[in-house]
Structure formats: C-alpha cells, structure tokens
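Assemble the whole structure, with the sequences as input and the hints as a guide.
Oh and the sequence shown: position 207 is 207 in my numbering, straight run, nothing missing.
Calculated lysine to any residue pairs in the SDA-like style (CA-CA distance at most 25 angstroms, straight line):
1. LYS39 x ALA59
2. LYS58 x LYS105
3. LYS84 x GLN191
4. LYS87 x GLU121
5. LYS105 x ILE24
6. LYS105 x ASP92
7. LYS200 x VAL189
8. LYS128 x HIS179
9. LYS192 x LEU68
10. LYS128 x SER226
11. LYS25 x THR228
12. LYS128 x SER206
13. LYS84 x THR194
14. LYS39 x LYS84
15. LYS173 x ARG156
16. LYS105 x GLU35
17. LYS128 x LYS172
18. LYS147 x TRP170
19. LYS58 x PRO17
20. LYS105 x SER226
21. LYS218 x PHE116
22. LYS58 x LEU68
23. LYS113 x GLY181
24. LYS105 x CYS115
25. LYS127 x ASP149
26. LYS23 x ASP55
27. LYS128 x ASP236
Read the hints as simulated data drawn from the structure, not as lab findings.
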Amino acid sequence: MNFIGIIPARYQSSRFPGKPLAKIKNKPMIQWVYENASKALPYVCVATDDDRIFDAVKAFGGEVVKTLPTHQSGTDRCAEAALKIAKNRPVDIVVNIQGDEPFVKPEQIELIKLCFESETEIATLVKKIDSEEELFNPNRPKVVLDKNDSALYFSRSPIPYFRGEENKNWVKKHTFWSHIGMYAFKADVLQKITQLEQGKLELAESLEQLRWLENGYKIKTAETTSATIGIDTPGDLEAALQLF
Numbered sequence: 001m002n003f004i005g006i007i008p009a010r011y012q013s014s015r016f017p018g019k020p021l022a023k024i025k026n027k028p029m030i031q032w033v034y035e036n037a038s039k040a041l042p043y044v045c046v047a048t049d050d051d052r053i054f055d056a057v058k059a060f061g062g063e064v065v066k067t068l069p070t071h072q073s074g075t076d077r078c079a080e081a082a083l084k085i086a087k088n089r090p091v092d093i094v095v096n097i098q099g100d101e102p103f104v105k106p107e108q109i110e111l112i113k114l115c116f117e118s119e120t121e122i123a124t125l126v127k128k129i130d131s132e133e134e135l136f137n138p139n140r141p142k143v144v145l146d147k148n149d150s151a152l153y154f155s156r157s158p159i160p161y162f163r164g165e166e167n168k169n170w171v172k173k174h175t176f177w178s179h180i181g182m183y184a185f186k187a188d189v190l191q192k193i194t195q196l197e198q199g200k201l202e203l204a205e206s207l208e209q210l211r212w213l214e215n216g217y218k219i220k221t222a223e224t225t226s227a228t229i230g231i232d233t234p235g236d237l238e239a240a241l242q243l244f
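See the structure below:
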C-alpha cells in the first residue's frame with residue numbers, strides 16, 4: 001500500500017494565532033511535526049491556505065500544497081490535498097497528522113499503518129486511561145471498543161458507565177480508553193466521508209468521528225502507550241518546552 005502523510009495547518013486560531021509558526025528550539029512547530037512524521041512515511045505534505053505557512057514549509061525544504069480557506073475541519077483540508085497529490089503519485093492510504101503535535105512519535109504512525117488490511121476503512125489510536133482525572137476530563141475524548149478493536153462509540157463523557165462504583169474506583173475496575181487524534185483513511189473513503197452531512201451525534205458531542213460511525217463506517221484502532229502533547233495555547237507551548 002502507498003501511504004502518504006498530510007499535515008493540515010491553518011494560521012488563524014482563537015487561542016493561539018500563528019501556532020504552526022511558533023518557534024521550538026529555533027524551528028517552527030510545523031517543521032517538528034513534518035520531520036517526525038517523515039521518519040515513518042515515505043512522503044509527507046503540509047496542507048494550508050496561508051501564505052506564511054506555505055513559505056515557511058518551502059523554506060525548510062518540505063512539501064506543501066495550497067488549499068481552500070473555507071474548510072471546516074482538518075479532515076476536509078486533507079481530502080482536498082490528497083486529490084492534488086494523487087495527480088502526481090499513487091495514494092492508497094492517507095495519514096492525517098495533527099499540526100499542533102510537534103513531538104508526534106514515528107512509532108505511533110507505524111502502529112496506525114499496521115491497522116490496514118483489505119477491510120479497514122479508517123484507523124486511529126487509543127491509549128489506556130490510568131487516572132480518574134483523565135477519565136472525567138471532557139477535553140479528552142473516550143472510546144469503547146468491540147472485540148475486534150473497532151470503535152463502537154466516542155464520547156467526552158466516561159464510557160462505559162460503571163454502575164455501583166465510586167468514580168475514584170472506575171479505572172481500577174475496568175479498562176477505559178482515551179482517543180489519540182491521529183487518523184488514517186483509505187483514499188476513496190476520505191473523499192466519501194467529507195461529503196457527509198453532520199449528524200445528531202457529532203453535533204451533540206462535537207466529535208467529528210461520530211459522523212463516520214453514524215453513517216456505517218468502521219474505525220479500526222491500535223493501542224499506543226505514548227501520550228501526545230498537543231499545543232492549543234501559548235501556555236501549552238511553554239509547558240512543552242519545559243518537557244523538551
């Protein structure tokens with residue numbers, strides 16, 4: 001299979017304008033993402049509608065394509081970029097890598113690649129939850145799995161509900177999974193899901209992947225033991241620099 005990586009990146013962000021160009025050890029954040037992803041994929045490309053990001057990627061020698069400014073999600077931006085890339089090279093699987101995770105691990109990308117067999121349409125990563133704080137944090141989406149490790153449902157609430165136990169005991173009594181927001185799609189599936197209308201589940205939870213489940217697509221998962229570090233605010237960047 002021909003895997004490619006696409007990093008959707010936009011300049012405007014209500015909490016951190018210009019985030020992809022924020023410097024980490026004298027490199028823009030987007031360059032860290034690009035270089036780490038390139039360790040696991042033969043071809044990586046940034047997809048952006050912004051000239052500043054476009055020029056920054058060109059400056060460090062990266063691949064970049066210009067996309068429309070009207071996209072509502074990174075998935076939509078990836079779909080447009082994938083069509084443009086496919087004019088010049090074979091594309092079977094598209095890995096959507098978050099542009100605000102500069103320390104993404106190549107091993108995580110390798111894990112998601114291993115999910116693909118003949119029937120896999122979409123793949124993503126999950127990680128075991130080991131604290132009450134994470135389990136009940138609505139900013140950390142949770143997922144429940146079937147016996148074949150495909151996703152049954154995603155929620156900002158702790159799922160499943162563990163009846164008859166105090167909250168502090170839930171993670172001791174059951175294996176809960178958090179969702180790690182890296183996706184990979186069969187190229188044709190990526191184009192199809194971006195044509196779907198938002199459903200009631202997605203609107204209720206504000207989780208895009210519920211649109212795909214609601215329309216009958218299966219999402220295969222792989223377990224990672226590595227946490228991701230997303231940069232949403234300047235404060236997050238300062239904390240990440242301390243870890244770095």
